[in-house]
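As a plain string of letters, each chain reads:
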Amino acid sequence: MPGFFEKNKKYIAILVLFLLLFWLVTIQVKAGRFTVLERPVLAVSGFVERIISGTYHAVIDLGRGYAFLVRTERENERLKNEIGRLRLENQITNELLSENDRLRSALGFMKLNPPRSAVVQVIGKESSPSSSTITVNKGSSSGIGRDHAVITPDGVVGRVQTVLPGTARVQLLTDPGNTIAVRVQRNREEGLLEGKIDRCALKYVSYYIDVQEGDLLVTSGLDGIYPKGLPVAVVTKVRKHEASSFQTVYAEPVVRISRLEEALVLLK
Amino acid sequence: MKPRAYLIIFLLLIPLQASLFGPLPLGAAVPDLGLAVLYCVGLLTGPIEGALAGIAIGLLQDVGSASLLGFSGFTRGLAGLVTGLLGRRVLDIQSPSNIIFLFVISLADSLFSALFLEITYGSVPVVGLFFGRAILRAATTALTGYAILRLITGKHVLSWIRRRELQKEF
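Residue numbers (the working numbering), protein chains in the order written: chain A, 2 to 269; chain B, 22 to 191.
Extracted from the complex, chain A is given alone in its bound form:
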């Protein structure tokens, strides 16, 4: 018997390592993820991603530069016309805004201030079989902090997970560890949207709640991370099980994450 251990000690050490890893995973499933090492690894990976992304964009920009130059004059003319039109529209909008303000204060509503935001560029996309994150080119020095909402004009992208002065890692809404408090826009029913790698699923939706394919899910604001009313996902499949008191609802994010290049981080 001792001979067996002596002969296979390396394999036994590997087996022990595997058991340790398995134990590590099971405690995190119960108690939540460990985040101790995230910052140093983001520091190294963010630095290299910035260099590669910078080089990549420099090469692409060089190629595009020439094409842009050719189209600039025509574009310039079109933009001048558009500026004139927008000025006029802006004046009308300002009138409407001030009218809206007056009506709001007349109704005793709180004045709504648009949240401050920082425009960030995606410098890296990580997608392992068990998680989905992106790295952006701004961090705490731009006022970005943990759990700040990341959006685009189309809708929600995710939330900031780890922050360093010049880089931040964003946990996408499709990541299995990410949940967003949402409402069905059509009938205001509430739910929790959870990431499922390449799509999302609504959790704890009662069997009797009316959810249909094509319904738009918007943030409810109840999680304290995302402002109320932002588009999140569109329901793509609803499955009702006779045996369960809940129904399974799958949804597709409104933001095309694979094509994401820039985003807005809402600063608190």
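Keep in mind that the hints were calculated from the coordinates and are not lab data. Built from N, CA and C at the ideal position, the CB exists for glycine as well. A few of these clues could be false.
[Said to hold, decoys possible] Far from chain B, by Cβ distances over 10 Å, these chain A residues were calculated:
#, residue
1, 12
2, 26
3, 43
[Said to hold, decoys possible] If you want the footprint, here are the derived chain B segments under chain A, 3+ residues with CB under 8 Å:
#, region
4, 29-42
5, 143-155
Following the hints, position chain B against chain A.
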């Protein structure tokens, strides 16, 4: 290979994976660079070093992403062990059959991850993930792994490594 060289390669894998393939419109067909490199390491060094390399790559990927710490370490460690055991039975290291082996290992890795997520969080569309994402990913990973394997087992690279090793011995 020296642990320092391993560390540098593995640390570079996360940003390379994220920034090299991130801007490309590949969708689900993004190769898993970590698994491709691991396959080469396992095949060339054996099961013990393959498993250790897999655990190291997996742990770094876990820390560099939002996944549970140790999960990829576990799956990648298993992949390294399997490729190491496979390497002992492979006669021609440059054979295109490596594409099939790596394809199967990558598929198994994705399937294991999806099943684990289904058990842990529930409502994971395992079948949809398998056909919509895992197969494409496995195909590109297999091709990338084979390309890396051909590159590092090329005559010039191997002779350069041997020369370096001999110089150190003397």
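Each hint tested on the structure:
Not every C-beta of chain B lies more than 10 Å from that of residue 12 (chain A), the closest at about 7 Å, which undercuts listing it as non-interface. With a least beta-carbon separation of about 5 Å from chain B, residue 26 (chain A) fails to lie farther than 10 Å from that chain, contradicting its non-interface assignment. For residue 43 (chain A), the shortest C-beta to C-beta distance to chain B comes to about 7 Å, within the 10 Å cut-off, and the non-interface label is violated. Coverage of the region 29-42 of chain B by chain A holds [criterion: at least 3 residues with CB-CB distance below 8 Å; count 10].
Here's how the region 143-155 of chain B fares: 8 of its residues keep a CB closer than 8 Å to some CB of chain A, so the rule of at least three is met and the hint holds.
In summary, the numbered hints that this structure violates are 1, 2, 3.
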